[in-house]
Amino acid sequence: MNEPSRQQRLTIKTQGEARQEYAAAADWLRQRPDYHQVFDYFLEIAGQAWTAAEVSERTGRPVVQHLCNQAPLEIFHAMGLQPLRLASGCCAVSRLAEAGLPALMCPMLRSAIGAQRVQAQASRVLARVIPTTCDWTVKFQELAVALPNDLQKNSSSPPVHLLELPHQRHSERGQARFQEELFLLIDFLEQKIGRRLTRSALLTSVNLYREAWAVLESLIALRRDGRLAAAWFAAICAAFLFDSIERWLTAAQTLVSYLQNQKVRPAARSVFLCGSPIIFPNLKLLRLIEEAKMYVAADELCASERLWPGGMAVDDRSVSGLIRALAGRYHRACQCPTFADNERRFNSVRAVGLPLKGIIYHVLKGCHPFDIESLTMERMAREANIPFIRIETEYSPEDARTILTRLEAFANIDHGASA
Amino acid sequence: MIIAGIDLGSTAIKLALVADGQLLWHKAAPTAPGQEKIADNLLTEGLAAVGRSGETVVRAVTGYGKHLLVGADRVIDELTANRLGVCKASDGRARSLINIGGQDVKVIRLSAKGQMTGFKMNDKCAAGCGRFFEVAARILDTEVGSFATLAANAAEAARINSTCAVFAESEIVSLMAQGVVKENIIAGLHQSVARRIAGLCAGGALEDDIYLDGGAAQNPGLVHALEDELCRDLHVLPLPQFTVAYGAAISAAMADSAAAKNSS
Ligand code: SF4
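Here the protein sequences come in this chain order: G and F.
So the first sequence is residues 1 to 419, counted in the working numbering.
So the second sequence is residues 420 to 683, counted in the working numbering.
These are computed hints drawn from the structure, not numbers from a lab.
Keep in mind it's a predicted model, so treat the numbers as computed, not measured.
Worth double-checking, as some hints may not be accurate.
Computed list of chain F residues with no C-beta within reach of chain G, every gap over 10 angstroms [said to hold, decoys possible]: (1) Ile421; (2) Leu442; (3) Arg471; (4) Glu474; (5) Leu498; (6) Gly537; (7) Ala571; (8) Ala573; (9) Ala574; (10) Arg614; (11) Arg615; (12) Leu653; (13) Lys680; (14) Ser682.
Not close to chain G: a few residues of chain F, all C-beta gaps over 10 angstroms, as computed [stated by the list, open to error]: (15) Thr430; (16) Pro449; (17) Asp492; (18) Glu497; (19) Ile527; (20) Gln637; (21) Asp652.
Under the rule of at most 27 angstroms between Cα atoms (straight-line distance), these lysine-lysine pairs were calculated in the DSS-like manner [claimed, not checked]: (22) Lys532/F x Lys680/F; (23) Lys192/G x Lys263/G; (24) Lys293/G x Lys680/F; (25) Lys365/G x Lys139/G; (26) Lys293/G x Lys446/F; (27) Lys293/G x Lys192/G; (28) Lys293/G x Lys263/G; (29) Lys13/G x Lys293/G; (30) Lys539/F x Lys293/G; (31) Lys446/F x Lys456/F; (32) Lys365/G x Lys539/F.
C-beta: ideal position from N, C-alpha, C; glycine also.
Bound-form chain F, shown alone:
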């Protein structure tokens, strides 16, 4: 059986094709109107890429837009999908995970068996989330993908104080007007976001073996800044943007095997 885990996120739609617990194919597309069509196109492309076009596919959907996909076989809440994806991909080593999504940050604590034992979410403000980096990239006229390299060359991190994405935006503009170089601003952004995420992790929210995922985890500059703030090592899985979609597929596979067990 082939399962498509589909994560309809606020900034990107991610699809993971999974068979026998193995990730066969993955791809993301920016979120835009007509999410169902975008997801369908990704699915068609993926099935063709793995040479399994025409096969019956179980569609397991998660993410903010999960209720928008008509005819989904399974709808899974984001945190369950995230937990399952990271647990499986880390071979059960993860005890905490920090997901930096497009519009929120989630911190999840896991038991030794991979059950969720606690969580925290920052959903009040886009500062600290993936969307924030996109906005900053637009103002700085720089690809998010080059943030890490630029930050590594910073002489010193600029101080960004605003805890609100909108005010942080104007702070960046004013730093640029003062002649602060891009490198320093980006390093400052990483620090400011890391500080905010670390604040969310305070008060025993984290166990050891901390995994970071979500699109922003692909930015080593942010990972280092967060490690500095937390004074702890972070693990980043090879495909951090796809763990939630992968987890949705794993959840569907588990439900399927439980149903098969019950009927036998």
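Chain G extracted, bound-state conformation:
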């Protein structure tokens, strides 16, 4: 029998470390005083890295991997497909992606590429849909296939569709182009599955997701009054990204009923969290914020509250009408920092309507869009007299101590005092 190669040994070792990382995050949540068995479903889904094959088996649907928030989930669902977000918060798997990737790269995508390499399951994926948001996502496929030699043997890359994102969301031209892009996406998927998207299927999916958005909205309201900690919300969002919408919806509705019966816990030091995404099991910053005795009452992270960009107005129930409505929701209402006209992003802070201790702005090293927008956000925060702190970090835990020192100082700062 052949000896496993160095790369295979590294893969096995990394798989073990990744399992531990997920388990540690889930265990930490299970041991919290606010744990209840109603959270178990979310821990089960968020608490491990699922392969595309496992997700396909669990949901009974072929998997389409996708990045970012701009590919309408309703379209995948209506075509009998299971969307699976290409996103990972696992630090351990990043190591597998280190060889051959740029040194200062988006940690979330580095981890996502590492996770793909650990799984080597690309052949089980029907297609990959990549909205052209930031440079890292545009180059994702190129980076993802740059595999070390002995991983290349076992993998084949799924067909990729680039969903071109017009970077001006408030221009009519941009909106019209995005609608066109959605029709091209539908053409692409129809070719892959060999059947047409029907109006009734799309309408059913739109209605199903409307229910999901309503539940997300309830969960967000529960965050605001102190009944749902950010770390739990991260697990809930991870389950949303990695499981079937039907299962998630049932579990989330039960959770909402449970939480609505819990006591309101107004937090003394509520903060608003902005910036680069936080994806399970990367709970580092959320844990440190809690350790510094602050409560994340709201966020506008793309894999968290920004999964819910607001309600969708459907006045025309034809396929074109539904696509127009979806385009409005997934493009015009999206606050991705890669848009050129994003001044209204600060409105989400104002809309929270809570007395805030301040804004914590999370920048993953290498995530240029959020890094750039931190300057605008800081200026706007200053103008509105809202305290602001920028935390630049990556997935590794080594800077936790210094981040904690800064967060503790931020929590104790007397922002009301005149300097």
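Given the coordinates of chain G, assemble chain F with the ligand onto it according to the supplied hints.
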């Protein structure tokens, strides 16, 4: 009541014994494994030195290792302890403070009432921090304590460009290889660190009445270089290494008197 303010820092453990707001005794020991034991030994030594062995002591802990001390009576974050220590020791005059710690530099802005109104921290790189001077001292085979005297005798400051401690280390080695004298290298180090700290202080981070503390503030060479860079006068308190430990004790005393007031 006697209070022990304990600052478990990254390079040194500092202990200040305080009663009625007055500093009775202080001592530092290098940080090493078994921090709890080191702190206990300092406490025992201090109580004996002030003739109060056996008395009940409130232990107020701060610093990077603050969560390592089991059974501490109070745990205080570093910046709060620092602010309180400097405010009290400066009789409320301080409006800004620059703390040069072992592994980071903190710049804190204070209101007239001593509240923290803003802060900045350089925690990305050891260059500019206390640890950096220790590393340089090792390469130069010179005590940090003699840096100021040597720098004062420098004909000209050597240019040290690296913003990273590791690269600065190799820059020092290469300057030595080029025959640049120690005095000039040390003066260059002071300038380079001062430049970096001044960069952190830019953009309105400082009010007037600036106090400098942390172990590195004991080095007048660095203080002068920083004054030059900032074009401002700096005040250094008599025991700059102990202001954080002292502030932790002050914080505990304040909490105690607030609790007493509430119960009466
Ligand atoms: S926006 Fe930032 S976090 Fe998102 S994919 Fe791009 S670099 Fe990564």
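Right, here's what the structure says about each hint:
1. At roughly 26 angstroms from the closest C-beta of chain G, the C-beta of Ile421/F stays outside 10 angstroms, upholding its exclusion from the interface.
2. At roughly 23 angstroms, the least C-beta separation between Leu442/F and chain G is larger than 10 angstroms, which holds for a residue marked as non-interface.
3. Separation of Arg471/F from chain G is adequate, the least Cβ-Cβ distance of about 31 angstroms exceeding the 10 angstroms criterion.
4. Distance check on Glu474/F: its Cβ is at least 30 angstroms (rounded) from any Cβ of chain G, clearing the 10 angstroms threshold; non-interface status holds.
5. For Leu498/F, the requirement that its beta carbon stay farther than 10 angstroms from each beta carbon of chain G is not met, with the minimum near 4 angstroms.
6. Non-interface call for Gly537/F relative to chain G: violated, since the shortest CB-CB distance, roughly 7 angstroms, does not exceed 10 angstroms.
7. Even its closest Cβ contact with chain G, about 34 angstroms, leaves Ala571/F beyond 10 angstroms, as expected for a residue assigned away from the interface.
8. Residue placement check: Ala573/F keeps its beta carbon more than 10 angstroms from all beta carbons of chain G (closest about 33 angstroms).
9. No beta-carbon of chain G comes within 10 angstroms of the beta-carbon of Ala574/F; the shortest separation is about 38 angstroms.
10. Chain G leaves Arg614/F outside its interface by the beta-carbon criterion, the shortest separation being 22 angstroms against a cut-off of 10 angstroms.
11. The Cβ of Arg615/F sits about 16 angstroms from the closest Cβ of chain G, beyond the 10 angstroms cut-off, so the non-interface label holds.
12. No beta-carbon of chain G comes within 10 angstroms of the beta-carbon of Leu653/F; the shortest separation is about 19 angstroms.
13. Lys680/F, annotated as away from the interface, keeps every beta carbon of chain G farther than 10 angstroms; the closest lies near 20 angstroms.
14. Chain G leaves Ser682/F outside its interface by the beta-carbon criterion, the shortest separation being 22 angstroms against a cut-off of 10 angstroms.
15. Every C-beta of chain G lies more than 10 angstroms from that of Thr430/F, the closest at about 14 angstroms, which supports listing it as non-interface.
16. With a closest Cβ-Cβ approach of about 19 angstroms to chain G, Pro449/F is found to remain outside the 10 angstroms limit, as its non-interface label requires.
17. Every CB of chain G lies more than 10 angstroms from the CB of Asp492/F, the least distance being 18 angstroms, so the non-interface label holds.
18. For Glu497/F, the condition that its CB be more than 10 angstroms from all CB atoms of chain G is violated, with the nearest at approximately 6 angstroms.
19. Remark: the non-interface label on Ile527/F conflicts with the geometry, its nearest Cβ contact in chain G lying 8 angstroms away (cut-off 10 angstroms).
20. Under the 10 angstroms C-beta cut-off, the non-interface status given to Gln637/F relative to chain G holds; the minimum distance is some 22 angstroms.
21. Look at Asp652/F: its CB is around 19 angstroms from the nearest CB on chain G, clear of 10 angstroms, so calling it non-interface holds up.
22. Under the criterion of a C-alpha separation no larger than 27 angstroms, the hint pairing Lys532/F with Lys680/F is consistent with the structure, at around 21 angstroms.
23. Taking the CA atoms of Lys192/G and Lys263/G, the gap is near 49 angstroms; set against the 27 angstroms cutoff, the hint is violated.
24. For the proposed pair Lys293/G and Lys680/F, the alpha carbon gap of about 25 angstroms is at most 27 angstroms, so the pair holds.
25. Pair hint Lys365/G plus Lys139/G holds up; C-alpha atoms about 17 angstroms apart against a cutoff of 27 angstroms.
26. Taken as a hint, the Lys293/G and Lys446/F pair is broken in the structure, with Cα atoms around 31 angstroms apart against an allowance of 27 angstroms.
27. With a C-alpha separation of about 50 angstroms, the suggested pair Lys293/G and Lys192/G falls outside the 27 angstroms cut-off, and the hint is violated.
28. Distance restraint check for Lys293/G and Lys263/G: the Cα-Cα separation of roughly 19 angstroms lies within the 27 angstroms cut-off, and the hinted pair is therefore satisfied.
29. Taking the CA atoms of Lys13/G and Lys293/G, the gap is near 36 angstroms; set against the 27 angstroms cutoff, the hint is violated.
30. With a C-alpha separation of about 20 angstroms, the suggested pairing of Lys539/F with Lys293/G holds against the 27 angstroms cut-off.
31. The hinted pair formed by Lys446/F and Lys456/F meets the criterion: a straight-line CA distance of about 15 angstroms does not exceed 27 angstroms.
32. A distance of roughly 19 angstroms separates the Cα atoms of Lys365/G and Lys539/F; the hinted pair therefore holds under the 27 angstroms criterion.
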